[in-house]
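Protein chains in written order, with the numbering used here: chain A, 471 to 666; chain B, 471 to 666.
If you're looking for bench data, these hints aren't it; they were derived computationally from the structure.
Check each hint, because a few of them may be wrong.
Note: identical chains are not told apart, hence a pair may lie in one copy or across any two.
Said to hold, decoys possible - With a cut-off of at most 25 Å between alpha-carbon atoms, the simulated SDA-like pairs for lysine to any residue come out as follows:
#1 K565 x E526
#2 K580 x T631
#3 K522 x D632
#4 K500 x A598
#5 K474 x D557
#6 K621 x D495
#7 K665 x G544
#8 K474 x L658
#9 K665 x Y596
#10 K621 x A662
#11 K474 x E653
#12 K565 x L604
#13 K614 x L560
#14 K580 x Y596
#15 K657 x N547
#16 K657 x Y473
#17 K500 x Q622
#18 K665 x E652
#19 K665 x R491
#20 K619 x K665
#21 K621 x Y520
#22 K474 x D593
#23 K474 x A595
#24 K614 x K665
#25 K565 x D637
#26 K665 x D593
All figures in this text were calculated on a predicted structure; none of them were measured in a lab.
Number of protein chains: 2
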Amino acid sequence: MSYKIITISRQFGSGGRTIGRRLADELGIKCYDRQIIDQVAEESGFDREYIKEKGEYVPHGRIGNLMNRWSYYGPTNEERIWQIQSDIILDLADKESCVIVGRCADYLLKDRDDVLKVFLHADMAYRAERIVRLYGETDQKPEKRLTDKDKQRRAYYQIYTDMEYGDARNYHICLNTGAFGEEYCIKLLKDAFLKQ
Amino acid sequence: MSYKIITISRQFGSGGRTIGRRLADELGIKCYDRQIIDQVAEESGFDREYIKEKGEYVPHGRIGNLMNRWSYYGPTNEERIWQIQSDIILDLADKESCVIVGRCADYLLKDRDDVLKVFLHADMAYRAERIVRLYGETDQKPEKRLTDKDKQRRAYYQIYTDMEYGDARNYHICLNTGAFGEEYCIKLLKDAFLKQ
Numbered sequence: 471m472s473y474k475i476i477t478i479s480r481q482f483g484s485g486g487r488t489i490g491r492r493l494a495d496e497l498g499i500k501c502y503d504r505q506i507i508d509q510v511a512e513e514s515g516f517d518r519e520y521i522k523e524k525g526e527y528v529p530h531g532r533i534g535n536l537m538n539r540w541s542y543y544g545p546t547n548e549e550r551i552w553q554i555q556s557d558i559i560l561d562l563a564d565k566e567s568c569v570i571v572g573r574c575a576d577y578l579l580k581d582r583d584d585v586l587k588v589f590l591h592a593d594m595a596y597r598a599e600r601i602v603r604l605y606g607e608t609d610q611k612p613e614k615r616l617t618d619k620d621k622q623r624r625a626y627y628q629i630y631t632d633m634e635y636g637d638a639r640n641y642h643i644c645l646n647t648g649a650f651g652e653e654y655c656i657k658l659l660k661d662a663f664l665k666q
Numbered sequence: 471m472s473y474k475i476i477t478i479s480r481q482f483g484s485g486g487r488t489i490g491r492r493l494a495d496e497l498g499i500k501c502y503d504r505q506i507i508d509q510v511a512e513e514s515g516f517d518r519e520y521i522k523e524k525g526e527y528v529p530h531g532r533i534g535n536l537m538n539r540w541s542y543y544g545p546t547n548e549e550r551i552w553q554i555q556s557d558i559i560l561d562l563a564d565k566e567s568c569v570i571v572g573r574c575a576d577y578l579l580k581d582r583d584d585v586l587k588v589f590l591h592a593d594m595a596y597r598a599e600r601i602v603r604l605y606g607e608t609d610q611k612p613e614k615r616l617t618d619k620d621k622q623r624r625a626y627y628q629i630y631t632d633m634e635y636g637d638a639r640n641y642h643i644c645l646n647t648g649a650f651g652e653e654y655c656i657k658l659l660k661d662a663f664l665k666q
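Chain A extracted, bound-state conformation:
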């Protein structure tokens, strides 16, 4: 059995998106990340920025709220985005060999045995340096920005998948990108993907 799809879950700032794109380039397949947002926007009518947030993060303090609203009032915008996003990802995986970054793709494709599931993370210092270099400074300290994003992404993952974010057992391979560097992670993942 050989792999057809790579899903990359990643901590904010760990370089998962860059690694996903470069890995896809090296393998001669497509990497889906922001393109999924475009497609959700097209199908749902929601704004891109709105989808970008709702499609991967739960706002602070909204968790209980969100769960209650699901139970009593039917699907929220968040749930509609989740549904459209899920259908797009399942469809992509059926159609072509590709890399899919984020959006709980590992969970959505968990019943397929041709998916290499990857989780990328890094220490706070590495990620802090990286987000300031790439996205610039803001009023908030980079450590605070990272902690917030980590919490929101974790909450999102748990609400939608009922699994623990960052648990190694949900993935085939997990790497600390800060320890190994981008080049090495790409080489290692490419080799693992082509292994069988």
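We have chain A; now place chain B onto it with these hints.
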């Protein structure tokens, strides 16, 4: 910076011990696993089987109990074993390049930057087949044996390290041994260890 030590944390039945030994052989360094138990036995006077259990597992239903006893009555046998075991591991890491399997070595050596921290896991079916093949049948179904060991090892890790067992962020590299197979895991870890 190059690595000197490899710590291997592993799920019961995932083949972590075998991989650790073979990896050490390939690297021409020692692998410490059962030898640590022998040394604890020598230094503490406790029986080997007793140490084997207490040095990595918390018995079912004992967690609250154990915590209370620590607080009110000073060190228990478990804590004495933990202390001796910790000293042995810190000492080993100072003395020589080696592979250390289990016993929260990743946590004990967390302040060193020459330690490659590895977590190995595998799906239930792979582990069940493996433990029956290696250790034989018992009255209990292999799945039940695995679930019990998982719970006990997780509890032990949490009590002593205050970290989440199996959280990818505590390790440099995590692998599903069932997905990749023993040979590939050894090759990959050897390469990662020698990388820098």
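Hints versus structure:
1. K565 x E526: Cα proximity of K565 and E526: one copy only (23 Å, versus 46 Å across).
2. K580 x T631: Within. Shortest intra-copy distance 11 Å satisfies the 25 Å Cα cut-off; inter-copy 31 Å does not.
3. K522 x D632: within (21 Å within a copy, 34 Å between copies)
4. K500 x A598: For K500 and A598, the Cα distance exceeds 25 Å both inside one copy (28 Å) and across copies (37 Å).
5. K474 x D557: within (18 Å within a copy, 47 Å between copies)
6. K621 x D495: neither (31 Å within a copy, 42 Å between copies)
7. K665 x G544: Answer is neither; intra-copy 45 Å and inter-copy 52 Å both fail.
8. K474 x L658: both (16 Å within a copy, 21 Å between copies)
9. K665 x Y596: Between copies only: 19 Å across chains, 30 Å inside a chain, cut-off 25 Å.
10. K621 x A662: neither (30 Å within a copy, 30 Å between copies)
11. K474 x E653: both (22 Å within a copy, 22 Å between copies)
12. K565 x L604: neither (33 Å within a copy, 42 Å between copies)
13. K614 x L560: The answer is neither: 34 Å in one copy and 34 Å across copies each exceed 25 Å.
14. K580 x Y596: between (30 Å within a copy, 17 Å between copies)
15. K657 x N547: neither (39 Å within a copy, 47 Å between copies)
16. K657 x Y473: Both. Shortest intra-copy (16 Å) and inter-copy (19 Å) distances satisfy the 25 Å Cα cut-off.
17. K500 x Q622: Neither, since 27 Å and 43 Å both go past 25 Å.
18. K665 x E652: The answer is both: 20 Å in one copy and 13 Å across copies each meet 25 Å.
19. K665 x R491: both (20 Å within a copy, 23 Å between copies)
20. K619 x K665: neither (34 Å within a copy, 31 Å between copies)
21. K621 x Y520: Within. Shortest intra-copy distance 18 Å satisfies the 25 Å Cα cut-off; inter-copy 41 Å does not.
22. K474 x D593: between (30 Å within a copy, 20 Å between copies)
23. K474 x A595: between (34 Å within a copy, 23 Å between copies)
24. K614 x K665: Classified as neither: same-chain Cα gap 39 Å, cross-chain 32 Å, threshold 25 Å.
25. K565 x D637: For K565 and D637, neither the intra-copy (29 Å) nor the inter-copy (33 Å) Cα distance is at most 25 Å.
26. K665 x D593: Between copies, since 19 Å is at most 25 Å while 28 Å is not.
Going down the numbered hints, you'll see the structure goes against 4, 6, 7, 10, 12, 13, 15, 17, 20, 24 and 25, while the others check out.
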